[in-house]
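Q: Here are the chains, one letter per residue:
There are 2 protein chains.
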Amino acid sequence: MSIITESANRCFSGTQYVYSHDSSTLGCRMRFAAYVPDRLEGPAPTVLWLSGLTCTEENFTAKAGAQRVASELGIVVLAPDTSPRGEGVPDDPDGAWDFGLGAGFYVDATEAPWSGHYLMRTYVEQELRQLAVAELPVDDARVGISGHSMGGHGALTIALRSPERFRSVSAFAPICAPSFCPWGQKALGHYLGADRAAWREYDACALLEDGARVPEILVDQGLEDGFLGEQLMPERLEDACKAARVPLELRRQPGHDHSYFFVASFIEDHLRWHAERL
Amino acid sequence: MSIITESANRCFSGTQYVYSHDSSTLGCRMRFAAYVPDRLEGPAPTVLWLSGLTCTEENFTAKAGAQRVASELGIVVLAPDTSPRGEGVPDDPDGAWDFGLGAGFYVDATEAPWSGHYLMRTYVEQELRQLAVAELPVDDARVGISGHSMGGHGALTIALRSPERFRSVSAFAPICAPSFCPWGQKALGHYLGADRAAWREYDACALLEDGARVPEILVDQGLEDGFLGEQLMPERLEDACKAARVPLELRRQPGHDHSYFFVASFIEDHLRWHAERL
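If you read the sequences in order, they're chains A and B. Just so we're aligned, residue 1 is where the first sequence starts under the numbering used here, counting upward by one. Just so we're aligned, residue 1001 is where the second sequence starts under the numbering used here, counting upward by one.
Next comes chain A alone, as it looks inside the complex (with noise of 0.2 Å):
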């Protein structure tokens, strides 16, 4: 494995990178960003920032303001693009832009013609994490995963799927139950066909219902986020932790919405909150 450096901007007290690398999983160059505080005493905590629909790597790392904390506490954080890209990668048919190209949720697609590049799962969970921890100073036993929207869905189902493996969770405003909202329903009917059953390892509700369990998840929620109703019903998230005891701290923000002025409005409180268990 290799990675070949797009960029380098100092940013705080540490390089905002981005990388580029051939994804075996994915079949497809990828580009990732990728914080590097400086005056690492070697492998560092890290926090896996999965990002929402239509989104690549930049979007959190331009936007976020993530660097004036991850610097201070000494935290790298990684943020991947959100779907396979390229010639040959399929797109929604009608190239709608919350399916496909820019809207991978974070899935190991089964269904063709998707099955054949969009793999975000085994990506995030294997090949991008396996890849930094060789390449970049991440200590692979102290790894944190957050994200918004679908990256949120994306976070709190790997976390939930591999509690082992990810120390801490957080989101903001994420798609909690993709089973029961439109987003959800169109990438997991697409991606893995019509049998719900193959759903629910991809559903942070189904999840905890069939047991899966992680120490504690913090969620930030706009109060004023258009999506709140139809697509991200984070009540469905507090029934689904409480009837699995799992604590949840469900933050409802009056007046803010779903973009990134929200998610800087909280993500030194996140990554605070990652730092102390990690």
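Everything labelled a hint here was simulated from the structure, so no lab data went into it. Treat the hints with caution; some may be incorrect.
[As the list claims (entries may be wrong)] What follows is a set of in silico ranges between Cβ atoms, one per label pair, in the way DEER data are often shown: (1) GLY1226(B) / ARG277(A): 39 to 45 Å; (2) ARG277(A) / PRO1247(B): 43 to 49 Å; (3) VAL1133(B) / GLY27(A): 30 to 36 Å; (4) ASP1140(B) / ASP92(A): 47 to 53 Å; (5) GLU111(A) / GLU1230(B): 53 to 59 Å; (6) ASP1139(B) / ARG272(A): 30 to 36 Å; (7) ASP92(A) / GLU1249(B): 48 to 54 Å; (8) GLU111(A) / SER1020(B): 41 to 47 Å; (9) VAL1133(B) / GLU224(A): 47 to 53 Å.
[Said to hold, decoys possible] Which residues of chain A face chain B? A partial, calculated answer using Cβ under 10 Å: (10) SER7; (11) ALA8; (12) ASN9; (13) GLY65; (14) PRO163.
Heads up, the beta-carbon is just placed ideally off N, CA and C, and yes, glycines get one too.
Please arrange chain B on chain A, whose structure you already have, making use of the hints.
A: Okay, now just chain B, sitting in the frame of chain A:
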């Protein structure tokens, strides 16, 4: 005068607005961003931010992370677009990014065809300011000015021409001596014509030579900035300030480049510096 709210996003303890209005000065519809903290007790100290080449009102707003500190300090931050826009507004005939659209250079053009729309000096100094004072909680007696690159040039020249109207001035990687660099020579030559005497009121160093004064100036400059030697020339500003006995704090920042990762790293220092003086 009236303004239309194009967007309003809650961010930290305040709201990030984008407004639009019909500009009588520029003869086109213009957008500008305004961050307004909560709980202001009347008109507030305000920092006017001028962006660099290719930018709109969005770049600074999305990438600089200014809202956190502006919210804490109770400062309004205004960020206009960098040129007139729209049908009938002429652009660089070759479509270059360093002139025309996105590159108004904060001058009042006197040469055809630019003089019909490219009056960014009057727009920023008069129309936008009057609009902001009339429509937003902006205290006309407590306005500071800052900017990046072409916008740093704008901030320095505007403050030097009207020190009584701007109580503080700072800049990030400003074009310090446009009469001597390719960007400036192209812009001033086209907008103002070949007579270099007309350029002097749009050149910070020439203004200082000609007697303009401000109480003090704060400048940050990245030492890995690819435009440093050919376009920015901070050493000329240093010499001009020294000769004029204007205190200049020129902070040379190792490792930093020309990007918004650089601006984000030091915007807190600048906003606190302005707040102390407003």
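Q: Output the indices of the hints that this structure fails to meet, ascending.
A: 3, 9 and 14
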